[in-house]
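> Residue numbers (this note's numbering), protein chains in the order written: chain Y, 60 to 426; chain V, 77 to 370; chain Z, 372 to 572.
Don't read these hints as lab results, they were simulated from the structure. Just so we're clear, the structure is a prediction, and the values are computed from it rather than from any experiment. Using N, Cα and C, we set each Cβ at its ideal position, and we do this for glycine too. Keep in mind that the hints are not guaranteed to be accurate.
Under the rule of at most 25 Å between Cα atoms (straight-line distance), these lysine to any residue pairs were calculated in the SDA-like manner [what the hints assert, rightly or not]:
| no. | chain 1 | residue 1 | chain 2 | residue 2 |
| --- | --- | --- | --- | --- |
| 1 | V | K308 | V | E322 |
| 2 | V | K163 | Y | F412 |
| 3 | V | K308 | Y | F412 |
| 4 | V | K163 | Y | G67 |
| 5 | V | K231 | V | P306 |
| 6 | Z | K385 | V | I140 |
| 7 | V | K163 | Y | T143 |
| 8 | V | K163 | Y | L254 |
| 9 | V | K334 | Y | N73 |
If you want the footprint, here are the derived chain V segments under chain Z, 3+ residues with CB under 8 Å [claimed, not checked]:
| no. | region |
| --- | --- |
| 10 | 95 to 101 |
| 11 | 133 to 141 |
| 12 | 252 to 264 |
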Amino acid sequence: MYVAVKGGERAIENAHRLLAHERRGDREVPELTLAQIYEQLALGVDRVMAEGSLYDRELAALAIKQARGDLIEAIFLVRAFRATLPRFGATEPVDTGRMQIRRRISSTFKDIPGGQILGPTFDYTHRLLDPQLAEGFVPEVPATGEVSEAEMPRVTDILGRDGLIEPSPQAEPDAPVGDLTREPLSFPADRDLRLQNLARADEGFLLALGYSTQRGYGRNHPFAGEIRFGEVEVEFFAEDAGFAVPLGAIALTECQMVNQFKGSATEAPCFTRGYGLAFGQSERKTMSMALVDRSLRARELGEEVRAPAQDEEFVMSHSDNVQATGFVEHLKLPHYVDFQSELGLLRRLRQEFAEANASEPLQEAAE
Amino acid sequence: MNAPSYNFAYLDEQTKRMIRRAILKAIAIPGYQVPFASREMPMPYGWGTGGVQVTAAILGPDDILKVIDQGSDDTTNAISIRKFFGKTAGVATTTLTMEATVIQTRHRIPEAPLHEGQVLVYQVPIPEPLRFLEPRETETRRMHALAEYGLMHVKLYEDIARFGHIATSYAYPVKVNARYVMDPSPTPKFDNPKMDNCAALQLFGAGREKRIYAIPPYTTVVSLDFEDHPFKPYRFDAPCALCGAENSYLDEIVTDDKGGRMFVCSDTDYCEQRQAEGHRGRESAAPHKERAHV
Amino acid sequence: MTTVAELPPGFSDKVLSAQSTFRSVMDALARPGTVQRIAASAGAPEGMMHGTAAIALMLFDHDTPIWLDGAISTSDAAKWLKFHTGAPIIDHPAMAGFALIGDPKNLPALDRFALGSSEYPDRSTTLILQVDSLSRGTAYELHGPGIDGSTLLTASIEPHDLFDRLAVNATLFPRGIDVVLVDGSSIVAIPRTTRLVHGKN
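Please take these sequences and the hints and turn them into a complete structure.
As structure tokens, then:
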């Protein structure tokens, strides 16, 4: 007798037990601690926080551990947790002009007020595998200096004083903050929603799109006006207290691109802006984001929309790696029923095709 | 660390209110896709998050839940979703179609006629029936606004010109209440007639695409067709090998690598009910591997 | 003036009361003309019926601008709504997701509410209308989606010409107005697809 396939429940349980076993790996090897992950794999943690839209190093480390190092899976875990958190409101806008700078570079001016600060970077390292790092390496104590009290104005602010770059949109503290996790997206989307989408977007997707603009698919002549990384204070306006309460500091990377100028008969030419911001130290992400932000402003700046990176429906609908992973991987789910439908149709069409071709010579003979 | 704790049926109350408002609008405008702020669920997008959010928003402690995938209660994703609600809402679950008050489904409509006390919740991957003809949301929205569905008819007619048939065998578009063209989700077109004038409320959730839509009970649902090419539901012409049913949708089971195959009901509950009533098919007596399949 | 502490309570059980109230409203909309009961226990401020209060607690929050007519916008009802739901109370009915009508005789013209757009017909106002009775009065024969053939609603409704006014739903569909009638703990929904039989509209 044929018995329909059953026992899926035990199969699932066993699969998950096996997964837990594989995750732990060789039990002779010491288990990873969360502190090891967020201290020593900090950039992975930063990416999970940025694309997971949740600033919590410890939870991000847990997610990475649980996901066996699969960062998109970790981002998904963080997002699913974030979705259950109550939302109390929005913080005051953070002021990156008052960032405690750890790294700050500009490619547009040789020297700037506050100076160029290289900080912790892979730039100019020679990409030679370092066998010393394999075990027991004790790095040198880093060089230190006095904390500078000097102002560190943003390069775009310096350009802005002379009107050489378009003004930054004015903050409207009373305007509601768009949030695509609370409101379904509709097109055309305003820049606040576009930037939120890009901030949550897959780094690889943004990298490829940003790169495509450099190769001519929606070219916008970018200069890295400034990239800064450091800590900013976060404040929340408490209605009960009647004033803004400091919540703590978070690490952010900000990239401001200075792009192709615009101008018209009535408007003096000026550079345009592309903006990138992400949790933690995420330079590749914020630079790509700034390129794509600028190209998505094509409509607003009266440029022809021709390249994928300029097409907001295309970019925003496909940027999210949690959505993309889910839908690509859902092809693993059973599709027997729709496949059966398709199979039935195909068999019928093939049969009709065969019959038609078989009768053709006869027709010819009759003619 | 912020140790996670979860609400009844997982979703927080604010999210449920948002989804409930969308469901009410969806019922009031049959076939119209209501945008909603779909949440990240603890299962991947594309694996039923839309259906799960709709079910979570309607489910109460007195409900009896049935979950099917491909018609079966025992496919892995159906088990996984059923367990999720068993765990987060503590609701009773069943495999009996007649007994369930809420049925969440992927790709099938049960064979047994549904009754007034039931809600059928569909998991939907791509809710927009015009999406494969026009990828832009701004465009498809305009087409729905104007009830401008010519493009869909052209596509179906091109099929006829090329293949002699409408070459859509699942997710076959329907018109609801003589107004909106709607995607029934990837159910085989065999199931389309069951949507028409159905006694149960039908709700559709698309999580990744952030849309909810509905067919109220006793609503006209017509599969798109042409006078000279009327809609015909398709079913493989064989009785079920287990219960002998001649009117159910069938799964094809490949039994060996020499062309051996058999056909059994895709709706496992329907098949089991029939077998319990004494109906038999040709395979229900002997192990299938010992029989020749022609 | 009532202090917050003196306001009537909200739902007795925030989660399960909201769920059972939702199912009543969902069933009402899915089966227009049928009388559904709201069983959940909930406080109600003066001027608001139990059913109205329960629907408000179940559906309203910061994301739903609401409009109150003169009969309901007494300070206590407004305060109660603000405290329990946080919904912004607005002056322009055309911006409201929901409108609470305690004095249906003076119901404003329907075109003063949001009727949605052709692209987004869901962006419309839902009216919650308190009526005299949903068990006696005039018999209305209704048909449309959700109704098996036709159904009979016996009700005493102000304004008397409500169904004539709702004829706008037939003209504008898919734009339109959905109405929930409330009599104590009983509710009946008239979504925009419901029509009177006899070709009255």
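> Against each hint, give a clear statement of whether it holds in the structure.
Here's how the hints hold up against the structure:
1. K308/V <-> E322/V: Holds - the C-alpha atoms of E322/V and K308/V are around 16 Å apart, at most 25 Å.
2. K163/V <-> F412/Y: Since the Cα atoms of K163/V and F412/Y sit roughly 53 Å apart, the hinted pair is violated (cutoff 25 Å).
3. K308/V <-> F412/Y: holds, 20 Å
4. K163/V <-> G67/Y: holds, 17 Å
5. K231/V <-> P306/V: With Cα atoms ~15 Å apart, K231/V and P306/V stay inside 25 Å; holds.
6. K385/Z <-> I140/V: With Cα atoms ~22 Å apart, K385/Z and I140/V stay inside 25 Å; holds.
7. K163/V <-> T143/Y: Distance ~16 Å between K163/V and T143/Y Cα, so the pair holds.
8. K163/V <-> L254/Y: violated, 37 Å
9. K334/V <-> N73/Y: violated, 32 Å
10. 95 to 101: holds (count 6)
11. 133 to 141: holds (count 5)
12. 252 to 264: holds (count 3)
The earlier numbered hints that this structure contradicts are 2, 8, 9.
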